[in-house]
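A.B. asks: Whenever a hint applies, use it, and build me the whole structure from the sequences.
In this note's numbering, the protein residues as written are 334 to 522.
Honestly, the hints are just simulated from the structure, not real lab data.
Because the structure is a prediction, the values reported are computed rather than measured.
Glycine included, C-beta positions come from ideal geometry on N, C-alpha and C.
Among the clues, some could well be false.
[Unchecked claim] The calculated label-pair distances, taken between Cβ atoms and stated as ranges, are: (1) Tyr455 to Cys416: 25 to 35 Å; (2) Gln429 to Thr502: 41 to 51 Å; (3) Gln429 to Ala500: 35 to 45 Å; (4) His411 to His391: 16 to 26 Å; (5) Gly457 to Glu397: 11 to 21 Å; (6) Tyr492 to Pro392: 34 to 44 Å; (7) Gln429 to Gly457: 15 to 25 Å; (8) Gln409 to Arg489: 20 to 30 Å; (9) Gln395 to Glu486: 33 to 43 Å; (10) Pro405 to Arg373: 29 to 39 Å.
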Amino acid sequence: MEKSTYKLSQPDSCECPFPMSFSQITQSLYLGGVDAIFKRTGLSSRNITLIVNATAEHPCPQYEGVECFQVPVLDQPHAPLACYFDAVAERIHNNQSGSTLVHCTAGRSRSPTLIMAYLMRYEGVSLRQAHEWVLKYRPHIRPNAGFWRQLMEYERRLYGKNTLRMAATSCGVLPEALDGQETIYYVNG
Numbered sequence: 334m335e336k337s338t339y340k341l342s343q344p345d346s347c348e349c350p351f352p353m354s355f356s357q358i359t360q361s362l363y364l365g366g367v368d369a370i371f372k373r374t375g376l377s378s379r380n381i382t383l384i385v386n387a388t389a390e391h392p393c394p395q396y397e398g399v400e401c402f403q404v405p406v407l408d409q410p411h412a413p414l415a416c417y418f419d420a421v422a423e424r425i426h427n428n429q430s431g432s433t434l435v436h437c438t439a440g441r442s443r444s445p446t447l448i449m450a451y452l453m454r455y456e457g458v459s460l461r462q463a464h465e466w467v468l469k470y471r472p473h474i475r476p477n478a479g480f481w482r483q484l485m486e487y488e489r490r491l492y493g494k495n496t497l498r499m500a501a502t503s504c505g506v507l508p509e510a511l512d513g514q515e516t517i518y519y520v521n522g
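C.D. replies: Following this line, the structure appears as structure tokens:
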């Protein structure tokens, strides 16, 4: 499969040595698990001034100079994460004072979902492109089926069409590329 060219600012390297560490998605946007918020040196060295805490189960840290926005949603298919897509995307977009860390418990489902919504809204990429981009820098992401459906509804609202659909496979219900020529199932993690 040939990768598309994106207009996003690409980070210099993939920072993904451990499953729950910081993963740099753009020059000023990071994805991580809950352990990332306790790495004060890591937050400082990346100039993190905004933390989006996409968990209901972990409180926001209180650090001087760091704003925290909590998205109290559980990692369950019926959880209404889409209610936060616009608010989170706007906060990330408006954070001009530094970088943003979006985290959930493991950095696999809620936080990548929010980042893909941001990329669609403010970077003008399709859901398929947003997924490929995040997957490149954090290979073990795995949004749950409900979050995929919410992302597809968001993509349709933004662009009037979908680039992915849900398909039943031997691995369960997974997103499938809609390009008319090939079948690509996004199986990861």
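A.B. asks: Checking each numbered hint in turn, tell me which of them this model violates, lowest number first.
C.D. replies: Checked against the structure, the hints that fail are numbers 1, 5 and 10, while the rest are satisfied.
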